[in-house]
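Visitor: Here is how the chains run, residue by residue.
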Amino acid sequence: MTHLPYIVAAYVLGVLIPGSFAVAAFARMRAAARRLAAVDPRANPGSSPGPETGARRR
Amino acid sequence: MTRKRRRLWILLACGLGLGSAATLALFAFSDSLVFFLAPSDLAAKAPAPGRTFRLGGLVEQGSVQRSTEKGRPTAKFRVGDGAASVEVTYVGILPDLFREGQGVVTLGAMQPDGTFRASEVLAKHDETYMPKDVADALKKSGHWNPAAGPPPPAATWNTMEPKKTGG
Amino acid sequence: MDASSVVAPPPSGRNPGRSLHRFANPGRFLRLSGVVLPWLAATGAALTALGLIWGLFYAPADWQQGDAVRIMYVHVPAAWLASAGYLGLAICSVLSLVWRHPLADLAAVEIGPVGAAFTALCLLTGSIWGKPMWGAWWVWDARLTSVLVLFFLYLGHIALVRAFDNPERGYRSGAILALIGVVNLPIIKFSVDWWNTLHQPDTITLTGAPTMYVGMLWPLLFSALGYTLVFAAIVAARTRAAVMERRIRTLLMMRAEETAA
Chain A
1 MTHLPYIVAA
11 YVLGVLIPGS
21 FAVAAFARMR
31 AAARRLAAVD
41 PRANPGSSPG
51 PETGARRR
Chain B
1 MTRKRRRLWI
11 LLACGLGLGS
21 AATLALFAFS
31 DSLVFFLAPS
41 DLAAKAPAPG
51 RTFRLGGLVE
61 QGSVQRSTEK
71 GRPTAKFRVG
81 DGAASVEVTY
91 VGILPDLFRE
101 GQGVVTLGAM
111 QPDGTFRASE
121 VLAKHDETYM
131 PKDVADALKK
141 SGHWNPAAGP
151 PPPAATWNTM
161 EPKKTGG
Chain C
1 MDASSVVAPP
11 PSGRNPGRSL
21 HRFANPGRFL
31 RLSGVVLPWL
41 AATGAALTAL
51 GLIWGLFYAP
61 ADWQQGDAVR
71 IMYVHVPAAW
81 LASAGYLGLA
91 ICSVLSLVWR
101 HPLADLAAVE
111 IGPVGAAFTA
121 LCLLTGSIWG
131 KPMWGAWWVW
141 DARLTSVLVL
151 FFLYLGHIAL
161 VRAFDNPERG
171 YRSGAILALI
181 GVVNLPIIKF
191 SVDWWNTLHQ
201 PDTITLTGAP
211 TMYVGMLWPL
221 LFSALGYTLV
231 FAAIVAARTR
241 AAVMERRIRT
251 LLMMRAEETA
261 A
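Heads up: the protein sequence lines correspond to chains A, B and C, in order. Number 21 in our numbering belongs to position 21 of the first sequence; there are no gaps in the numbering. Number 110 in our numbering belongs to position 110 of the second sequence; there are no gaps in the numbering. Number 201 in our numbering belongs to position 201 of the third sequence; there are no gaps in the numbering.
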């Protein structure tokens with residue numbers, strides 16, 4: 001392959017930048033869901049208790 | 001509802017004002033937004049002699065002369081845009097993509113003898129992307145000479161099967 | 001329902017639950033995004049991986065650029081998303097300014113850093129591509145400069161929405177800045193047509209056949225679609241987090257008031 005260092009650099013950035021943002025976003029979401037569950041026991045983050053069966057299944 | 005309506009109208013009016021202001025500004029500054037001058041621009045508004053500016057265009061077919069001066073690679077070529085062309089001299093290593101028929105942007109100044117002495121040559125490639133097989137097939141069949149001009153319409157080659165035609 | 005009504009914004013309209021506000025309901029957003037998000041993230045990651053691996057190992061090299069053309073499979077989606085993300089920011093800003101859409105405020109705050117990251121990715125990979133092909137890391141032509149301006153607009157928005165003690169004022173100011181910056185989008189798009197630039201004009205246009213071999217076009221479309229879904233998933237996850245964080249703050253504040261009273 002020609003220009004290999006340039007290609008590798010571009011692909012590393014192309015995976016690392018979106019990847020780190022994705023990991024950070026999901027970690028923040030998980031943390032928020034946990035804290036919310038601790039603050040408000042009624043809230044079942046992601047699905048609301050009530051008509052849905054999500055609450056019972058847990 | 002009326003308050004939302006009013007906010008929407010205010011926003012639209014602001015957008016209209018901003019848009020026309022931006023359009024006017026772009027028209028006014030259009031000259032300075034240009035990255036390089038084409039050879040035919042030089043006749044109309046040539047920069048003062050000795051002033052550094054960028055000259056861009058296509059390297060004319062058959063005009064490239066390479067030599068070595070004091071151990072450094074030197075190139076002479078003509079940069080044209082169809083209507084006019086300028087002789088350019090450049091001492092240094094040319095970019096990989098430099099070839100006849102290729103776009104280039106050079107930085108330098110006009111010399112008293114009417115040639116352009118460049119201190120930097122950048123290659124400007126076009127917006128076509130094709131594999132080597134397809135390019136070879138087009139060249140072989142006589143549909144395209146890269147040194148002479150742009151490739152034929154995309155629809156004629158962008159789904160080409162290189163193996164069949166390249167054979 | 002119960003939890004969302006706790007943190008639902010003060011009912012500004014006389015008929016809440018009608019029209020746009022139906023989708024503004026943060027509780028509904030949490031439920032809907034909770035279902036969609038895993039699929040969005042998984043599909044996005046899979047398509048991006050497919051496009052990148054295809055582009056890196058199976059797509060043909062360009063006849064004059066050689067293998068350096070493979071940088072395109074990262075650079076071009078990043079460039080599209082830099083502009084598309086800003087368009088999303090602008091749409092949220094209109095919803096926020098005109099309809100006082102509570103979810104749009106949060107979404108705008110969360111789009112900013114993601115859009116800035118993709119714009120930075122576009123600028124960096126463009127630089128990495130420019131050095132071997134053009135012979136320069138950077139030039140001040142209209143296309144590159146207008147994308148740099150886009151990056152600064154994102155940074156300005158990120159700073160402005162967080163600059164006020166009263167978040168409402170931050171949302172309004174950020175929305176106004178975002179909408180002023182929309183002028184830049186057509187400039188980015190048409191810069192390569194309106195002025196002489198070192199950057200080449202668009203390969204894929206609405207008006208004509210793409211001037212690109214299909215064997216290169218397919219991996220590009222896959223990676224572009226994949227990156228788009230990844231972008232959407234990141235924004236959705238961040239917005240979910242923001243909605244839950246706001247709910248936590250409200251609940252804690254209510255509890256503090258109860259104990260004080």
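Bear in mind the hints are in silico, worked out from the structure with no lab data behind them. Where is the CB? At the ideal position from N, CA and C, for every residue including glycine. Careful, some of the hints might be misleading.
[Claimed, not checked] Okay, derived cross-link-like pairs now, DMTMM-like style, lysine to aspartate or glutamate, Cα gap no bigger than 20 Å in a straight line:
(1) Lys131/C x Asp126/B
(2) Lys131/C x Glu120/B
(3) Lys189/C x Asp31/B
(4) Lys45/B x Asp81/B
(5) Lys139/B x Asp31/B
[As the list claims (entries may be wrong)] Quick look at which bits of chain B chain C covers, simulated, 3 or more residues with Cβ under 8 Å:
(6) 11 to 20
(7) 23 to 33
(8) 119 to 132
[What the hints assert, rightly or not] Incomplete in silico selection of chain C near chain B, CB under 7 Å:
(9) Ala49
(10) Thr205
(11) Thr211
Visitor: Tell me, in ascending order, the numbers of any earlier hints that this structure violates.
Guide: Structure breaks hints 5, 9 and 10.
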